[in-house]
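S.K.: Given next are the chains, with one letter for each unit.
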Amino acid sequence: MKNDATSPKELRGPDYWRSLDHLTASPKFQQWAEREFPETVLGAPDGKSRRDFMKIMGASFLLGGMGLTGCRRPEEALVPFSKMPHHYTHGVAQYFATSMPVRNSAIPLLVKSSDGRPTKVEGNPDVGECGGGTDSFAQASLLNLYDPDRSRYFLKSGKKSNLGDAEKNLAEISNKHKSDSGRGLHFLVQSTSSPSRIRLEKLIKKSMPEAKWCVYDPIDFEGASRGYSEVFGRSIRPIYHFDKAKVIFSLDCDFLGTEQDSSAHIYGYTKGRKVTDGDDGLATTNRLYSVESMMSLTGSNADHRFRVTSNQVFGVAAAMMDKCFEALGSSDEDAGSPIPALRTSLRDKSKEIPEHRSKTGWSAKWIEESVQDLIAHKGNCLIVAGQRQPDAVHQLVAAMNTLLGNVDKTISFIDREQHDAITIEELKLACDAEEVETLVILDGNPVYDAPADLDWKTAQRKAKHVIRLGYYEDETSQDVDWHLPMTHYLESWGDNRSSKGFWLPVQPLIAPLFKGFSEIELLSRLAGQTDTKGYEIARSTLRAIIGDSDFEAQWKQCLHDGHHESLKTQIVSLNVQAFDWSKLTLQIGEAITEEAQFTQASKDVLEVVFHRDASMDDGRFHNNGWMQECPDPITKITWDNAILMSRRTAVELGDLKNEELIEVNLEGRKLTGPVWIQPGYADFSLGMALGYGRPSPGRVGSLGDRSVGYNAYSLRGTTSKNFTVGGTVKRLNKTFPLACTQDHWSMEGRAIVREANLENYETKRDFAQNMDLEAHSAHIPHDADGQPKQIYKHPYTASPETKSEIHQWGMAIDLNTCVGCTACVVACQSENNIPIVGKDEVANSREMHWVRIDRYYSGEPAKRSQSDNLVHDDQQAYEEWIDDVQVVHMPMSCQHCESAPCESVCPVNATVHDHEGLNVMAYNRCVGTRYCSNNCAYKVRRFNYFDYNKRPLDKLDRGPWKTFVTEGFADRPQDEVNLVEMAKNPDVTVRMRGVMEKCTYCTQKIEAAKIAQKIKARDSGDIEVPDGTIKAACQEACPADSVSFGNLLDPNSKVSIAKRSPRNYSVLGFLDTKPRTTYLAKLRNPNEKMPDYFKMPLSTLEYKREMGSPFESHEHHTHEDSHGDHGHNETHASEDSGKGGQH
Amino acid sequence: MSDVFPKWTNGLPWKVLVAVFLLASATVASISYYATPKYTRVGYQPKQPVPFSHAIHAGQLGVDCRYCHNGVESSWFSNVPAASVCMNCHNQVRKDDPKLALVRESYESGKPIPWVQVHKVPDYVYFNHSVHVNRGFSCVECHGPVNKMDEVYHAKPFGMSFCLECHRQPEERIRPLDKITDLDWSWEDNDSTVTNILAGLNVNTVDEAKAKMVHDWRVESLINCSACHR
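One line per chain: the protein sequences are A and B, in this order. In terms of the working numbering, the first sequence opens at residue 44 and continues consecutively. In terms of the working numbering, the second sequence opens at residue 158 and continues consecutively.
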């Protein structure tokens, strides 16, 4: 980000000053202090509402930083409104329904406004889409609003211009192209769901029929829609009902992670994943199969997983289709039926499925048995294919879902807007032919993310006139005629449709911080419309749908509710008979011929898979610190992407080490990146996350002089947008450190995450408690009465009068539904003002996240010898057991132990228990001894080693004095306000250097709810907060509804009910900490007939080897028993190896 | 050797010790007196941009506190009224009074009046007005007799010990909800209101009445860190 501001030094007052008054008397300072945004930032402030907002801000700001006038507190002003606005009380947060646009979908949101500034994004529970949850992107989008590097000027050929000139220019273009019916006018846009944008596009097409539209999404999520549309002969979009499916089969589809709308998918999936008692009294849950190359979140949650390279997935789909025909009968045996021909080609294709390395027939059996399971659940199963798979695979999946009778049951359809758009390749040809008069680029960043072989930067410049609407002055904006700043969705009016067809409003919570347009405001100007305000555009669109009568009331209702039932897109009832088998046969035949030169990936020709990143999306979150620091759900790497590969790939490429730099060559292009060995990865496949390594990064997305991560787009060509085989690797003999938050992969047989198969669960439902150490041995010292001796003093036993009889808070986390998506991590960061610390500090294990998600791998015990436990972390990546692993995810934050080890060691009583069971931190008392953190068994305490909130990440080491005296008051260029401060939650203290912090159970939310209840109670005793009123930030964001929080004294509260589950257990309970956060054990639902079936989860097998089976009672262990007596272990270990079903 | 330390130095160690002791005591005493809110805050009475008199409005005229500070029952913050609230009356009463020039100007121009803040708790204290005034604790407990002040001054020290005084014994200060903004009202008043309250609560003494209110309303004695610090 360039801006020609003067250096920070010039912000300083006089070099010598006698008193603060003298200093403050300087006119520069006066101006700085009086106006929060100095003139240069904004030009003249526009409009009253904006100024009102500034007044409120001003009250807390004025001279706030200079509390030294004498020893007295400085004089501060209370600045009221001049006219009282309606429906507003200072200090009371307001919530507005809006939605975040994501390509052709949107996430329904409720956004919190704290005295005029949006401070927290939450899901809208009224829209039956994600159940009130969000994904981490929606949470982090708030920080994008306050991104210090966002575009704030109208630039004409790189020079500052103004709104007026920009508008004039747009009007000229509009007039010009209206007269030549749009010849030479080209739009380059990203896909959208906005009814308003679609309406305006139609208007433009009408008045400028020759204008061309190019829709380019660097990551394309339209494959499934194209697949279904093709075979049903109608433009449709599938809606998956994961909640209704008993068996789900994912073909390289990470629907729980990096696919679009993952939060809605997680909501559906986990609804079906919840353990319920079936009609026969046995527990049931859905079952998930996954075939994939990467270790994705979906794969990590699967009951059965088959790793193949991404290009072998087609073969797997073909084999499945063939099996379906075999079992269900293709009925069309009559002459002329295309099915026999189709089956021939399917069988050909299915030969490409890789054989298991050691077990012959394994792969065939895996597919056979999984398909049998699907067939057994005809009508309530669901097959989904991943975004990166070719259209042919999506067509096969469409055919299978049709054959399996899933249409209108687990999958339904809505109509999809037809778009006669050209591709970016065609647009490039037009540019090269110099046919492009005016090129309008809306959002996106094609110079960065277009296929590398297009050389888009040069192509774009061949257009005569380039106008770019962008949120950042990024790579694409560098060589354009006009750059127009774009507004954030939290500051603009508009509308969206979610992928399930809900109409969702976009309503602003704040006036644009910097002048700019939204997409629809720009298009309306180009269309020559008179109403160019987003508000009017969105209203006109809605008016066209619902008509004039009663419009105002309906509009208000829509804005209030954040959706409108009557505006929902109708489900299309499809005639299954319309399925075009001939077309499918033809297309599949073609696809197979096209891939005739199918190459099996090997160490000489590697498969390269480009995937959407869990933190960066396609690069749009590159300058977002929350996302940069949010660990990848699987690799746990922050602030970087790595070249992911399997253990065997690394070994065969010459023992590549983690963090070793390699050069990957593909189709003549090359890039350099660090190696990361990922358990469970397909062999000879390299995973590369898109969205990193921006050529001109912002200040957050850069480390020193380089961008964060490597740029996978630089390797990606037109023919290899998703994956391709043909990569080669060269060693560079250099290393590059990665900041990973979880080095160790295995639980080493300890019962941290406890899991069982459904059938194990039936034999002993309280197996999780049976895995407590107390259940085994006399580890725990007992007193004379036979009661466990207390290690730490219990605050309520010591002084019972301090215990509240009204509320006792507790939390339960269901590990069975937690998929590990990290939405809670970012939500907590946003709610609790948690700073980011930068890559170096993360590498020092100083990340500040209050909640982390621990991810553990477990392998076959047979493949692990006892001595494996001694393997150093550096070596674990070469252990054979990591090839096929099971994965568990466990959110871990302060457990609010009743007998808290941290409390007894604090020398200053900074961490103490409150009367409602919270382990609280009094920041003002904390002197930073870090004893508490050392004594914490769960390692959930976080220490502010530096003033993370005050210093830029590259200047953390500067002390407070140095900054104050020698650097002036601000570390930022003169024309800049500290926007990031505006994202802070006013109800939570911003912690300073030297202070310990940790999860508070969102004590600010608890207090707010208690106060609200007390206000309601007034002079009555009804002060108990009703269950469900308080939702901790993690709980609120969780799309899986895994977290329950509430009052333990209320036997009917959700958390009390959860804690009564037989699956409930405490982590490290044997330490006598009595945690208030407990976990519900995870259940797996494997299919006995599958070749990769184990009679219990691998981690439980590991545990069993150490401690004996948790599904048998341990009554023989009395207190006198020695815990070391585990002579029977060996027999268990040998039993466990191989296929467990036979035992 | 006797030349090195003359005789008068024999008493010196004692004198030094005494002096150090006195100095240390003086330092501790002066810091604990001069650097605590009791000294630094109480009595603070800045000059306000508009000479507004609470004594006239709230005292003589009997305007309820909540007419102007209307956010006090719903927010943590008790707001300073907008100029438009002043103008509700002053577009009729004392329309052209020069003392009200700033108010009229603010109302016209939209430029706020910079009232000087008198009462403030530190940023790390999350004091909430609404929960106090809704649960029987009057404005007067913290702000003093504002209805008698011409210009508002800081009447109470606002240190943590001041808060805890009441948080430890809420029954000392509790009062009926309809007397919250009646700053002159007191349990000691031997008038009919107190008698009626006692009769209503079916008790004989004021102490019993207070205790009963605390019990029935379930007023907690909140002395945990998390009650005020987050």
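These are computed hints drawn from the structure, not numbers from a lab. A few of these clues could be false.
[What the hints assert, rightly or not] Computed footprint of chain B on chain A; a stretch qualifies when at least three of its residues, placed anywhere within it, have a C-beta under 8 Å from a C-beta of chain B:
id	segment
1	124-138
2	264-278
3	945-958
4	1055-1068
Even for Gly, the Cβ is constructed at its ideal location relative to N, Cα and C.
S.K.: Under 8 Å between beta-carbons, do enough residues of the segment 124-138 of chain A, three at least, approach chain B for the coverage claim to hold?
M.R.: holds (count 8)
S.K.: With a cut-off of 8 Å between beta carbons, are at least three residues of the segment 264-278 of chain A near chain B?
M.R.: Check failed, 0 qualifying residues.
S.K.: Per the coverage rule (Cβ-Cβ under 8 Å, at least three residues), is the segment 1055-1068 of chain A covered by chain B?
M.R.: As far as the segment 1055-1068 of chain A goes, the hint holds, because 8 residues have Cβ atoms under 8 Å from chain B.
S.K.: Taking 8 Å as the Cβ threshold, is the statement that the segment 945-958 of chain A is covered by chain B upheld or broken by the three-residue rule?
M.R.: This one holds; 3 residues, not fewer than the three required, reach chain B with a Cβ under 8 Å.
Against the hints set out earlier in the document, a violation occurs for number 2 only.
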